[in-house]
Amino acid sequence: MKPIRINDYCFDRIHLWVQYDWKIPQFVEVVVEVFFPKNRRASGLVMFNHGFLIGNDLLFYPKKVIGALLGDNPLFGLNPSAYYNYSEAIVEKNWAMAFVSTSHAQVDWMPWTDLGGNPRVGQEAYAAASYLVRYGVTDFFYKTEPKGRNLDFYDADLTRRAKFMVSNNVIFAGHSVGGAHAQAAACGFETLHELGKKDYRPFNPVIFDREFLPTSTERLSTWDPSDRANPVGLLQLSPVDQKMSFIMPGMERYRAALASRSMPMVMVVGQCDCACLDKANSNPPAWSENAGEVTQSTQLSPPLKGSWAVVSCIQKGSHCGYLTDRNQLCSMADKPSECTRCPEVEKYGPAGDEAAFTASLLQRFIDIYPGSEGFAGNFDDWIDSGFIKWLDKECPDGRVSLVPFAPEKYVDYVKPVLP
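Position in the sequence shown (from 1) plus 462 gives the number in this note's numbering.
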């Protein structure tokens with residue numbers, strides 16, 4: 463498809479196959495939705511992992527077989543950007559935003575589901591972000607490779623037409639299980655490579671342009687670091703992690719790696735969000751008012767580790783209030799019969815004030831990055847930044863209120879103890 467242009471931004475969709483490790487014949491089909499400025503000079507990229515409830519349907523595999531005959535692909539029918547349309551957040555600083563949808567099957571009896579404890583989905587997001595950094599918006603990356611310079615298909619001008627970023631800076635973000643997946647992606651290539659070995663999910667991917675008669679990139683470890691995604695921030699919206707022995711190892715290792723990372727990290731949870739706050743749904747829960755409980759937040763901010771992670775809690779916040787469009791499956795997480803938090807309280811619903819707050823949150827987060835550079839400063843600069851000052855208020859955007867952690871304190875963090 464040709465890019466769709468609306469005002470100063472374009473939309474396109476890329477179809478790829480990712481082999482997780484060049485030595486192991488294990489693949490995943492990937493479709494990337496990407497919004498980018500028409501001047502093709504994006505200062506950075508927001509790579510968003512969407513929640514599993516916006517995933518593939520029960521008929522995905524039959525549709526895949528039929529689509530192979532009709533030239534269609536069921537992944538093209540998935541539009542996570544419709545549910546996370548924060549496009550106004552990226553425009554002011556000339557950033558881009560992308561989403562990954564895959565045919566990833568976490569478990570065979572639920573092929574439409576990506577559960578939060580699987581690091582593979584974070585690996586996919588990192589690989590897709592790196593592809594966008596190096597090749598831009600094209601399915602035909604092989605036409606720009608130097609090794610094809612003397613062949614008929616070589617197209618030196620494709621690089622100029624396809625690339626849209628002037629840096630490799632990426633904010634990894636996500637909602638629900640996508641928030642947990644983003645924790646892995648934000649670790650960067652070296653950590654994903656090393657921890658992937660320990661989780662029996664090796665990661666040194668090769669990317670293919672199609673399913674049949676494919677052409678592939680070189681393995682990611684051979685790319686110049688400037689061509690790989692450089693994580694400069696992490697934004698988690700009610701992250702849901704799950705752990706089940708070998709099937710779902712969870713993201714604890716990745717949170718431990720992030721805990722000592724000098725990088726802005728933000729977690730937002732909803733006061734009424736059972737999906738991320740109850741142990742039955744998230745193991746561990748994203749956050750707890752009980753300071754002694756092990757949570758994703760405490761693992762991201764252990765004492766004496768120098769973590770930059772902060773957390774805020776939205777009054778009346780739900781699991782689906784972040785969405786910019788209604789989704790029937792997601793709404794199940796907020797049903798009163800299944801979620802007993804905030805009884806008789808009218809929680810935020812999709813396409814309302816919580817979604818608008820999220821767009822403002824992302825815009826303010828992007829504002830801390832000067833031009834095409836990463837965040838310039840130390841921990842104190844981060845805590846004293848305009849973003850944190852904006853967030854550390856009872857009602858940052860004038861509509862949504864936050865739960866106080868202490869009198870006049872709406873952002874919680876562990877101050878690093880430096881030697």
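Quick caveat, the hints were computed from the structure, so don't treat them as lab data. Hints are supplied without guarantee of correctness; some may be wrong.
Here are the simulated DSS-like pairs of lysine-lysine, each with C-alpha atoms no more than 30 Å apart in a straight line [to be verified]: (1) Lys705 / Lys464; (2) Lys741 / Lys609; (3) Lys485 / Lys625; (4) Lys625 / Lys741; (5) Lys778 / Lys871; (6) Lys705 / Lys609; (7) Lys464 / Lys485; (8) Lys705 / Lys660; (9) Lys464 / Lys525.
Label-pair ranges, simulated between beta-carbon atoms [claimed, not checked]: (10) Pro524 / Phe602: 23 to 33 Å; (11) Lys871 / Asp843: 35 to 45 Å; (12) Lys464 / Pro869: 28 to 38 Å; (13) Ala753 / Ser724: 20 to 30 Å.
All residues carry an ideal CB built from backbone N, CA and C; glycine is no exception.
Verification of the supplied hints:
no.	hint	verdict
1	Lys705 / Lys464	41 Å, violated
2	Lys741 / Lys609	52 Å, violated
3	Lys485 / Lys625	29 Å, holds
4	Lys625 / Lys741	43 Å, violated
5	Lys778 / Lys871	18 Å, holds
6	Lys705 / Lys609	43 Å, violated
7	Lys464 / Lys485	34 Å, violated
8	Lys705 / Lys660	15 Å, holds
9	Lys464 / Lys525	24 Å, holds
10	Pro524 / Phe602: 23 to 33 Å	29 Å, holds
11	Lys871 / Asp843: 35 to 45 Å	19 Å, violated
12	Lys464 / Pro869: 28 to 38 Å	56 Å, violated
13	Ala753 / Ser724: 20 to 30 Å	25 Å, holds
Consistency with the previously given hints fails for numbers 1, 2, 4, 6, 7, 11, 12, ordered from lowest to highest.
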